[in-house]
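Student: With the sequences and hints as input, model every part of the structure.
Line order of the protein sequences matches chains U and L.
Using the numbering used here, read the first sequence as starting at 1257 and increasing by one per residue.
Using the numbering used here, read the second sequence as starting at 1257 and increasing by one per residue.
Note that these hints are calculated values from the structure, not bench results.
Just so you know, these numbers come straight off a predicted model, no measurement behind them.
A portion of the hints provided could be inaccurate.
[Stated by the list, open to error] Pairwise CB distance ranges, derived in the manner of DEER restraints:
{"#": "1", "chain 1": "L", "residue 1": "Arg1404", "chain 2": "U", "residue 2": "Asp1395", "range": "45 to 55 Å"}
{"#": "2", "chain 1": "L", "residue 1": "Val1336", "chain 2": "U", "residue 2": "Gly1415", "range": "22 to 32 Å"}
{"#": "3", "chain 1": "U", "residue 1": "Asp1265", "chain 2": "L", "residue 2": "Ser1340", "range": "31 to 41 Å"}
{"#": "4", "chain 1": "U", "residue 1": "Leu1263", "chain 2": "L", "residue 2": "Leu1407", "range": "35 to 45 Å"}
{"#": "5", "chain 1": "L", "residue 1": "Arg1271", "chain 2": "U", "residue 2": "Asp1265", "range": "17 to 27 Å"}
{"#": "6", "chain 1": "U", "residue 1": "Glu1358", "chain 2": "L", "residue 2": "Thr1324", "range": "19 to 29 Å"}
{"#": "7", "chain 1": "L", "residue 1": "Arg1347", "chain 2": "U", "residue 2": "Leu1263", "range": "44 to 54 Å"}
{"#": "8", "chain 1": "L", "residue 1": "Gly1287", "chain 2": "U", "residue 2": "His1309", "range": "35 to 45 Å"}
[Stated by the list, open to error] Lysine to aspartate or glutamate pairs mimicking DMTMM-like chemistry, simulated, CA-CA at most 25 Å apart:
{"#": "9", "chain 1": "U", "residue 1": "Lys1291", "chain 2": "L", "residue 2": "Glu1398"}
{"#": "10", "chain 1": "L", "residue 1": "Lys1291", "chain 2": "U", "residue 2": "Glu1262"}
{"#": "11", "chain 1": "L", "residue 1": "Lys1333", "chain 2": "L", "residue 2": "Asp1361"}
{"#": "12", "chain 1": "L", "residue 1": "Lys1333", "chain 2": "U", "residue 2": "Asp1408"}
{"#": "13", "chain 1": "U", "residue 1": "Lys1291", "chain 2": "U", "residue 2": "Asp1325"}
{"#": "14", "chain 1": "U", "residue 1": "Lys1291", "chain 2": "L", "residue 2": "Asp1395"}
{"#": "15", "chain 1": "U", "residue 1": "Lys1333", "chain 2": "L", "residue 2": "Glu1398"}
{"#": "16", "chain 1": "U", "residue 1": "Lys1291", "chain 2": "L", "residue 2": "Asp1365"}
{"#": "17", "chain 1": "L", "residue 1": "Lys1333", "chain 2": "L", "residue 2": "Glu1416"}
{"#": "18", "chain 1": "U", "residue 1": "Lys1291", "chain 2": "L", "residue 2": "Glu1401"}
Beta carbons are placed, not taken as given, at the ideal position from N, Cα and C, and that holds for glycine.
Protein chains: 2
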Amino acid sequence: MSARFELIDSEVRWRGRIISAGVERFRYVDGESVKRDKVWHPGAVGVIATDEHAVWLTRQPREAARLTDSLEIPAGKLDVEGESPLECARRELAEEVGLRAEVWDPVLDFHTSLGFCDERIWLFHATGLSPAPGGAMPDHDERIETVRWPLDRIDSAIGESTDSKTLIALLWLLTGRQGVRR
Amino acid sequence: MSARFELIDSEVRWRGRIISAGVERFRYVDGESVKRDKVWHPGAVGVIATDEHAVWLTRQPREAARLTDSLEIPAGKLDVEGESPLECARRELAEEVGLRAEVWDPVLDFHTSLGFCDERIWLFHATGLSPAPGGAMPDHDERIETVRWPLDRIDSAIGESTDSKTLIALLWLLTGRQGVRR
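Tutor: So, in structure tokens, the structure goes:
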């Protein structure tokens, strides 16, 4: 039974400000077809910004998940036309945390929920940190607080955060690795 | 600037088979209101099933993300009325991989994409494995292959998988921890 499939049709049923939702149909090489709920998302980046002693995290309300105080790595959506994940990561680190970095290493990228959604997140490790000119400038509808979290207490951040990209980032830091070969 | 908010209204604009999509509005204690795209999802479980030498993984097509061969931990949606995450995890391990487990330890739970979606995934560590009566019985529209992956090659599974729950599970195994305090 082959897992190869082709897209038969794709229908957006609702367009929001950031996402769209609808249905896609696929046909396998053996002829069977399946219908799947689908959410289209522009993708996002997350930044693991560390100095010798700490990782920079944020706290912010996440209304959709009913969290007043979500602990996360700095992050943002790929919502600027033509912007690469790396450019987006530089921009978000400056806007959310007020920092720039000399060194940017790709860590890994992943799908947040690949059963129904095409959202993909690119993680970068940012080092060589210094204050960005102008300081932090969050979007008007964001309420972001910055937290400099000690690296020797990453365990407690993993215990507190319930955000997938942040858990991947912090577990990756704990394993002490230099990047993932793909 | 407080991060506390209340829900003002919640409107489903499209209902799929598994998810719904629409818009929610919230008001902060300082009076400002925000409108957010929202996807409702029933939630899911993931199982980290290990014996002394290996972790049990699956390969399957993921049409929404255009993957023919996604490497993942056994998992499934909370789509049976009244079923707890642990009961769902037992059922999915039997259905997808044909195994049962003596010991079930909660590992951690997280939101896949908390900017717009309420999906939450509960991860369990399953040990004391033995064949389930009847063997694997995947749903009729699933094409799942089982892979017994050596624990000393977890690095290469992390390099291959692009699935958030699987990366969290495998990084957690690498850090060798016994559960996360919340």
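Student: Hint by hint, say whether it matches the structure.
Tutor: How the hints compare with the structure:
1. A hinted range of 45 to 55 Å holds for the C-beta pair arginine 1404 of chain L and aspartate 1395 of chain U, which are about 47 Å apart.
2. Between valine 1336 of chain L and glycine 1415 of chain U the C-beta distance comes to about 30 Å, which sits within the given range of 22 to 32 Å.
3. Range check, aspartate 1265 of chain U to serine 1340 of chain L: about 37 Å between beta-carbon atoms, so the 31 to 41 Å window is met.
4. For the pair leucine 1263 of chain U and leucine 1407 of chain L, the supplied restraint of 35 to 45 Å holds, since their beta-carbon distance comes to about 37 Å.
5. Judged by the Cβ atoms, the range 17 to 27 Å given for arginine 1271 of chain L and aspartate 1265 of chain U holds: they are separated by roughly 19 Å.
6. Look at glutamate 1358 of chain U against threonine 1324 of chain L: about 39 Å separates their beta carbons, and that is not inside 19 to 29 Å.
7. Between arginine 1347 of chain L and leucine 1263 of chain U, the C-beta spacing of about 31 Å breaks the proposed range 44 to 54 Å.
8. Between glycine 1287 of chain L and histidine 1309 of chain U the Cβ separation comes to about 39 Å, which falls inside the hinted range of 35 to 45 Å.
9. The hinted pair formed by lysine 1291 of chain U and glutamate 1398 of chain L meets the criterion: a straight-line CA distance of about 12 Å does not exceed 25 Å.
10. With a CA separation close to 36 Å, the supplied pair lysine 1291 of chain L and glutamate 1262 of chain U exceeds the 25 Å bound.
11. About 19 Å separates the Cα atoms of lysine 1333 of chain L and aspartate 1361 of chain L, which keeps this hinted pair within 25 Å; it holds.
12. Only pairs whose Cα atoms come within 25 Å are accepted, and lysine 1333 of chain L paired with aspartate 1408 of chain U is rejected, the gap being roughly 35 Å.
13. Simply put, lysine 1291 of chain U and aspartate 1325 of chain U have alpha-carbon atoms about 37 Å apart, too far for the 25 Å limit, and the pair is violated.
14. At most 25 Å may separate the alpha-carbon atoms for a hinted pair to count; lysine 1291 of chain U and aspartate 1395 of chain L meet this at roughly 14 Å.
15. With a C-alpha separation of about 31 Å, the suggested pairing of lysine 1333 of chain U with glutamate 1398 of chain L is violated against the 25 Å cut-off.
16. About 29 Å separates the Cα atoms of lysine 1291 of chain U and aspartate 1365 of chain L, which puts this hinted pair outside 25 Å; it is violated.
17. In summary, the hint linking lysine 1333 of chain L to glutamate 1416 of chain L is supported, as the alpha carbons are separated by about 23 Å, within the 25 Å threshold.
18. Restraint check for lysine 1291 of chain U and glutamate 1401 of chain L: the C-alpha separation of about 21 Å stays at or below 25 Å, so the hint holds.
When each numbered hint is compared with the structure, violations occur for hints 6, 7, 10, 12, 13, 15 and 16.
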